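Novice: My request is simple: use the sequences and hints to build the entire structure.
Keeping their order, the protein sequence lines are chains A and B.
For the first sequence, numbering that gives the first Met the number 0 puts the final residue at 320, and the numbers step up evenly by one.
For the second sequence, numbering that gives the first Met the number 0 puts the final residue at 293, and the numbers step up evenly by one.
The hints are simulated quantities; they were obtained by calculation from the structure and are not laboratory data.
Each hint should be verified, as a subset may be incorrect.
To be verified - Pulled a few chain A residues facing chain B out of the computed Cβ check, cut under 10 Å:
1. Asn132
2. Met135
3. Met300
Bear in mind the structure is a predicted one, so any value in this text is a computation, not a measurement.
In this text, a Cβ means the ideal position worked out from N, Cα and C, and glycines have one as well.
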Amino acid sequence: MTMAERFALSRWTIKVAILIACMAVPLVVQSNYAMRVIIYIYLYIVLALGLNVVMGFTGLLNIGHAAFYAMGAYTTAILMTGYGLSFWWTVPIGMGLGVLMGLAIGFPTLRLRDDYLAMVTLGFGQIVYIVANNWMSLTRGPRGIPAIPAPTFELFDWRFVIDNYTRYYYLILFFVALTIFACVRVRDSRVGLAWMAIREDEDVAAVMGIHLGFYKTLAFAFSAALGALAGSFFSVFQSFVSPNSFTILESVVIVTIPILGGLGSIPGTIVGAVLMIGLPEVFRSASEYRMVAVGAFMVLMMILKPEGLFGKKLFQTTYKV
Amino acid sequence: MFWQQLVNWINLGAMYALLAIGYTMVYGIVKLINFAHGEIFMAGAFFTWWFMTTFSIPFPVASLMGIMLATLLGVGIERIAYRPLKDAPRFAVVISVLGMSIFLQNMARIVWGAEFQVFEIDFGIPPLLIGSVIIPFKKIFILVTSLILMVALSLFVTKTYLGKAMRATAADREAAEMMGISSNAVIVLTFVVGSSLGAVAGILYAINYNSIDPFMGFNAGMKAFAAAVLGGIGNIYGAMLGGLLLGFFEGAGAAYISSLYRDAVAFAILILALIFRPEGLLGEFKSGEKLKAR
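Specialist: In structure tokens:
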């Protein structure tokens, strides 16, 4: 066995070990509250990994990720309550609509970078929030959509309802695994390389024959699909959606996760989600200070360690003239 | 009815214009959007209200103190969130300033509470009547104050040495430094001028709507930014024009289309402006800038 093979084997065993450990969590954790927190952490891993595609891989700021999240959540909520569709149909439909929304935000912003892009995506997120709040006939506005049914598997006579925390845990674990798989595969593909080339230097990437418009829009579409996936899960898990779950502050919290972990790093983003979502739960008594801490954290992180916990020093050389 | 509304729209536009000037000035010098500008707007109104209610200081003094404190805050933002990142990638600065904005918003929420507070100034002057149009004195006060400040600002920028230094730094920072202009000092000056105008805009806004809340700066700030882009970012007259136009569009949109979506008008204008005329109505790209398209 060569070194490389041994290394590859050890990486596989680590991965399988982590997966088994994750599968065993519901057996160990007994309290419903802890399960709920863990499920939320997983949910935010999906959200943050989706955002990481745009921010980390492609280097485009998006401070409106909650818009995609809302798209998935509302699609599932409306189709399940209003039209009696199965959850499993609403997920791909929500992701499809999310992709359309990603194209809608990706396309007009092709020429923008950094601060402009941040401002426009912020505005876009706000528009989605305003629409969700005011389109009474579709979203019921601020009253929200209650009584979203639990997802069920039905095969002839056999019926399996996902209705307790353990079952929801396995569902979100499946989504997380799917997301990580998709992100890793796309990162190591030509598309991922093109994204990273754009991140490092747009002009050089364009000269190398990378179609900037196509790949940037693709990044937004991919990111949006993952955001919508998380939204669909949120909808059935919470069994209630209202515009308040999709505010600008929500987007900002999502943005801080890949920043903390290190932009572009998948393990970093996962650790970031554990810290950003898990820690506030530990310090619940100080919950009103949460957003203050998030803001201060963003400033300090950028001054002291802009590459995050796991990130590489990405942007050091590119921007200095 | 139309004339009555037009007065309101112009009023709104004047406030947006004052706020947009702050964005545009800072952008002109440091080439970055000051995301925390909306918080200065909020702080100006809140400090004034705080001095008036807690210490019962009369409005003219309280507002001056409020403007001064908000201006200090603006300078503090520059010190903490911008200056340490002067050579950092723009990405990092955007995130740090955005963090600053979130921090200040929520700090204000903790200190003053999340509820709306009543902000009422009684000028004791009867409303003006032109035909059937009633113009309350506060609207005249807002309009006149905004106009005076805009004229004063353009005189300051075009006629004084400090203004000249600012324009020089905006045009080419390195060349300006070689001419002996301290760019740090100019940046601070820009934040001082921009922040004080933003604080005034906040106070005027509070006078107009009689209420303030910790998140008032967020939407207003985004709208003013849209106004600055519409007019041409970096251009002070563009910001004034953009602000007035935005006030008009927003008011007309709310009156004739749907008032539920009045907050979405500004964002729609922002996106349209960026697609069709990213340099704005009065702005122009410097040579070579178009390629990067910021």
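Novice: Evaluate each hint against the coordinates.
Specialist: Consistency of the hints with the structure:
With 10 Å as the threshold, the beta carbon of Asn132 of chain A comes within range of chain B, its nearest partner Cβ sitting at about 8 Å, so the hint holds. For Met135 of chain A, the shortest C-beta to C-beta distance to chain B is roughly 9 Å, which falls under 10 Å, so the interface hint holds. Interface restraint check: Met300 of chain A against chain B, minimum CB-CB distance 8 Å, threshold 10 Å, status holds.
Going down the numbered hints, you'll see the structure goes against none, and every one checks out.
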